[in-house]
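S.K.: Residues per chain, in single letters:
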Amino acid sequence: MNKKGWKEIPIGGLIDEAGSAKKYNTGSWRTFKPVVDESKCINCLQCWIYCPDSSVVVKGQKMVGFDYDHCKGCGICASICPVKCIKMEK
Amino acid sequence: MAKITPLTGDQAVAEAMRQIDPDVVAAYPITPQTEIVMTFSQFVADGKVKTEFIPVESEHSAMSACVGSAAAGARTMTATSANGLALMWEIVYIAASMRLPIVMPVVNRALSGPINIHCDHSDSMGARDSGWIQMYAENGQEAYEDTILAIRIAERKDILLPVMVCQDGFITSHSVEGVELLEDKLVKDFIREYKPCMPTLLDTDKPVTYGPLDLQDFYFEHKRQQSEAMKNAMATIPKVMDEFNRTFGKSCNIIEEYKMDGAEVGIIVMSSTAGTAKVVVDELREQGLKVGLIRPRLFRPFPAQKIIDAISGLKAVAVLDRAESFSNCGGPLFNDIRAVMYNSEKKPLMLNYIFGLGGRDIFPKDIADVYKKLFKIVSANRAEESINYIGVRE
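Heads up: the protein sequence lines correspond to chains A and B, in order.
Numbering-wise (the working numbering), the first sequence opens with residue 8 and increments by one.
Numbering-wise (the working numbering), the second sequence opens with residue 1111 and increments by one.
For reference, chain B alone in the conformation it holds in the complex:
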C-alpha cells in the first residue's frame, strides 16, 4: 500500500532516486538542489542504495562523470540548479548528442546576475535547445513521479535522450507536502532492470569509440537522428505515462487541462504557479466566468498538437512565462505557443506575461487580473500590448 509522507520537493526526488537505486550518481550541491544531493548521499552512507556516489569538485565534472558512467553502461543520475547547470553547459549538450539516458532533477532557480537563489525558469529555459527532454512538475508529488517516469523515458531504445525533471526552487523544493510514495518493489518493476541499448565502453568483446570528432560529413546526420528521437519521444512519452497511470492509478499527462470544458479564456503556465492559478479558476468559475487553465508538464519535446487542440477554440489566451528571453518578443513558452498556433485555422487572441523572476511572488489577485484583462481584450477583439509584466515595480 502506498503511503503519504510529509516531504519537501527535494526530499521527494531523493526518495525517487533511492527507489531507482542508480548505478552511479555524480553530483555537486547547489542551492536549492542541495537537499536532493544531501538526502541521497545519506541513503548511500546508510547503505539503502548500492549507488557509486561521486562527490565531484564542480558541475562541469559532475556531468562529465555522468557521461563517462552512462557510456560505460551504468544507469546514471545527477541533479543541479541555475549556475550549476550553467557550469555543466558544455557537457549538457554532449550528453544529449552522445544519446546517453542520464536523468537530472533540476531545481529551477534564477540564473545570475545579480546573484539570486530563488525561483524562476531562466536556468532550464536556457537549456531548452540542448537536446534534453524537459518535464516541469507542479508540486513535489509530480517531481517524484516525473523522476521515476524519466528513467523509463530516457532509456527507451527509440528515444535514448537525457531528461531534466524540473521543479520550482524553494516554492516546491523546500515546501513540505504530503507525498504519496509508491512501493519500492513496484517502482523497481516499473523502471525495470537496466539493459543499455547501445554498445558500452566496458564491453571489451565489442570495443567502440564514444565522442569522436564528427565534421561536415556526418555531424548533420547525427543531429537529424536527435530530431527523430525527439519525435519518437513525443509519440512515446504518453504511452509510458499511460502505463504508469494504469500501474499506479495515476492521471499523468503531457499537458494538464483544468476546467477547460466550455472555457472562453485560458491561462497557460507551467510548474507551481499552476497550483495558485487553479484556485483562481475555481473562484471565477463559481462566479460563472468561463475560465480554464492549461499546464504543459512536458516542454521538450513541445506538445504542439495538444496545445493546438486545447486552445484553438478559445477567444483569448494568456501565456505566463517565468523567464525572460530578452528578444522583445516575449518569453520562451509564449514564443513556442504563438509559433504552433500560426497555422491553426482558429486562433485565440494571445497575451504574454513575464512573472516571478528571481522568486518574486505571484498572488491569486495577479492571476485574477490576467483573466479580467483577457475578457477585456475579447470585448475589444484586439490584444493591444502582447508583452506584459506581473509584479514588477514601475
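Excised from the complex, chain A in its bound form:
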C-alpha cells in the first residue's frame, strides 16, 4: 500500500471519515484462530456479546462463524462458551 506523505494527510492525526476502522484488518495480528463446532453450538450468543472486536458473525439469531479480517484471536469467545464448542487453532 502506498501511504500518503505529510502534505496529503489531515493534520493533528485527525480521521476525517466515520467508521474507517473497518478498513484496518486487525485479523493480521492473530496467532490462534477460533473455530466453532456447529454441531455442539447452542446459539446462546455469549461469544457475540463478549467479542471485543464484533467479529462473531450472527445471522437469523444464529452464530454462523467469525470475521477473520478483524478477529485478533484473543480467545475470549472460546473461554466464555458454556458448551466449549469453540477451539483456538494455530
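Errors might be hidden in some of the hints.
As the list claims (entries may be wrong) - Below are the DSSO-like pairs computed for lysine-lysine, each with C-alpha atoms no more than 30 Å apart in a straight line:
#, chain 1, residue 1, chain 2, residue 2
1, B, K1333, B, K1267
2, B, K1388, A, K14
3, A, K11, B, K1457
4, A, K14, B, K1341
5, A, K91, A, K29
6, B, K1457, A, K10
7, B, K1341, B, K1400
8, B, K1305, A, K14
9, B, K1416, A, K14
10, B, K1295, B, K1349
11, A, K94, A, K10
12, A, K29, B, K1333
13, B, K1360, B, K1341
14, B, K1360, A, K11
15, A, K10, B, K1267
16, B, K1341, A, K10
17, B, K1349, A, K14
18, B, K1456, A, K11
19, B, K1388, B, K1333
20, A, K29, A, K14
21, A, K97, A, K69
If you're looking for bench data, these hints aren't it; they were derived computationally from the structure.
Starting from the known structure of chain A, fit chain B onto it as the hints suggest.
M.R.: Positioned in the frame of chain A, the structure of chain B alone reads:
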C-alpha cells in the same frame, strides 16, 4: 480612545481575556497566576463575558478540558504557572499535537524543588519542545498585547498551534503599572469572530475522530506537519504583529533591539530583566560605551535569522538565562543562540550567565558588571569561562 489603567500584569491579562471573551476557559488557580483566574472568574460572575468557565480540580483536568473544548470548535483559554504547568504536561503535548489553537498565559515561576513561588523561567523552558509557540513579555503592557496577538497567531490556518504567553511571576504579574487598554470593539475586530479551521467534534454532518492511535506508519508525518507549522509561524507572526502595529499604533516585534546602532557588545535577555538592563544601557551609553540590548519576545519558534542579523557584527555578547538546563553547557537561551551562530561567518565572543533563579533579584550593577566583563574579554580576545552565575553566594 485607549485609556491608561493601573493594573498588575495578571489583571492586564485578565482584561485581555475579557475583551477576547473566549467560549471556554478551564483553569485552576496557582500562584502567581491566581489573580488571572480570580479576576476573570469575577468577569464571568458579573456577566461581562459569555464564557463557559470550568473550575476544574487540577491542571491536568484544565488542559484536558481545553483539548476537548478546542476540538469541539470553541475558542479556548486557560492559564497556569510552574507546578501547574508540570501537572498538565502530558496534555500540553497533546494540545500541540492535535493542533488545537489554545492560548495559555503562563506566569513564570520556579519549578520545584525546593518549593519556591517566585520568578524564574524553569517552568516554561521545560515546555520549549512541546510544540507550543512561546512569547515572553517584558511588562504587563506586553503581556496584555501578547495575549490578544496570541489568539490571532494560534488560530491561523497555516499555523494552528497553541500559544503560551509568558510573563515574569510577581515582578510583572503583581506589580502595578499603567497599562494602555485598547478599545473593546477594536480588539474584537482584530481577533475576529472565531471560525475553526479544522472539522469539529460536534459537527454531526461530518463526523471526525480526534486523537486516535498513531503508530510507526503515520506519527512521523504528523510531527513533520508540526515542524512545518512552526516554520509557517516564523514567517507569519511578524505579519500579524505588523497588522497589530498598524491598527493600534504599536511597535511589537519578534525581537527588540535596544540601542544596537554602533554597539560593540550586547546583552541578550528575555522578559522583565530587559527593563532593568535598558536603564544600564542608557547609563553606559551616556558614558560613551558602545553597548546594546537584544530581547527576544518570541522564543518558540526561535527567531534565528533576526538574532544572527542582530549580533553577528558585535565583538562580544552575553546571554542571560533565567533557567538552568543542568547540561553543563549553559541555559536554554544561550544554547539556542550559540547554535544558530555556528554557521555564521562572523560570530562574537559569547558568555552565558544564569541569573535570578527562584526570584533572586538582579540589580543594575550586576548588569553593568556583565558589560564590563564583555569589554574585558574583547580586549583579551578570549571568552574564558563561558558559563557564569549572577547573584549566587559562593
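S.K.: Could you grab the alpha-carbon distance between K1349 of chain B and K14 of chain A and see if it respects the 30 Å cut-off?
M.R.: Holds, at roughly 24 Å.
S.K.: With the threshold set at 30 Å, check whether the alpha-carbon distance from K11 of chain A to K1457 of chain B stays at or below it.
M.R.: Not satisfied, since the Cα-Cα distance of roughly 42 Å exceeds 30 Å.
S.K.: Would you mind confirming whether the straight-line C-alpha gap from K1341 of chain B to K10 of chain A stays at or under 30 Å?
M.R.: holds, 24 Å
S.K.: Are the Cα positions of K1360 of chain B and K1341 of chain B separated by 30 Å at most?
M.R.: holds, 25 Å
S.K.: Would you check the hint for K1416 of chain B and K14 of chain A, treating anything up to 30 Å between C-alpha atoms as holding?
M.R.: With a Cα-Cα distance of about 28 Å, the restraint between K1416 of chain B and K14 of chain A holds, given a limit of 30 Å.
S.K.: Given the proposed pairing of K1341 of chain B with K1400 of chain B, does the C-alpha separation stay at or below 30 Å?
M.R.: With a Cα-Cα distance of about 34 Å, the restraint between K1341 of chain B and K1400 of chain B is violated, given a limit of 30 Å.
S.K.: Has the given pair, K1388 of chain B with K14 of chain A, been kept, meaning a C-alpha gap of at most 30 Å?
M.R.: The given pair, whose Cα atoms are some 45 Å apart, is violated under the 30 Å limit.
S.K.: If you draw a straight line from the CA of K1333 of chain B to the CA of K1267 of chain B, is it 30 Å or shorter?
M.R.: With Cα atoms ~17 Å apart, K1333 of chain B and K1267 of chain B stay inside 30 Å; holds.
S.K.: Regarding the pair K1305 of chain B and K14 of chain A, is the alpha-carbon distance no greater than 30 Å?
M.R.: holds, 23 Å
S.K.: Are K29 of chain A and K14 of chain A close enough, with their CA atoms no more than 30 Å apart?
M.R.: holds, 25 Å
S.K.: When you check the alpha-carbon spacing of K94 of chain A and K10 of chain A, does it fall within 30 Å?
M.R.: Answer violated: K94 of chain A to K10 of chain A is near 37 Å, above 30 Å.
S.K.: Sort out whether K29 of chain A lies within 30 Å of K91 of chain A, counting only the CA atoms.
M.R.: Holds, because 29 Å separates the two Cα atoms, which is no more than 30 Å.
Hints 2, 3, 6, 7, 11, 14, 18 and 19, counting from the list given before, are not met by this structure.
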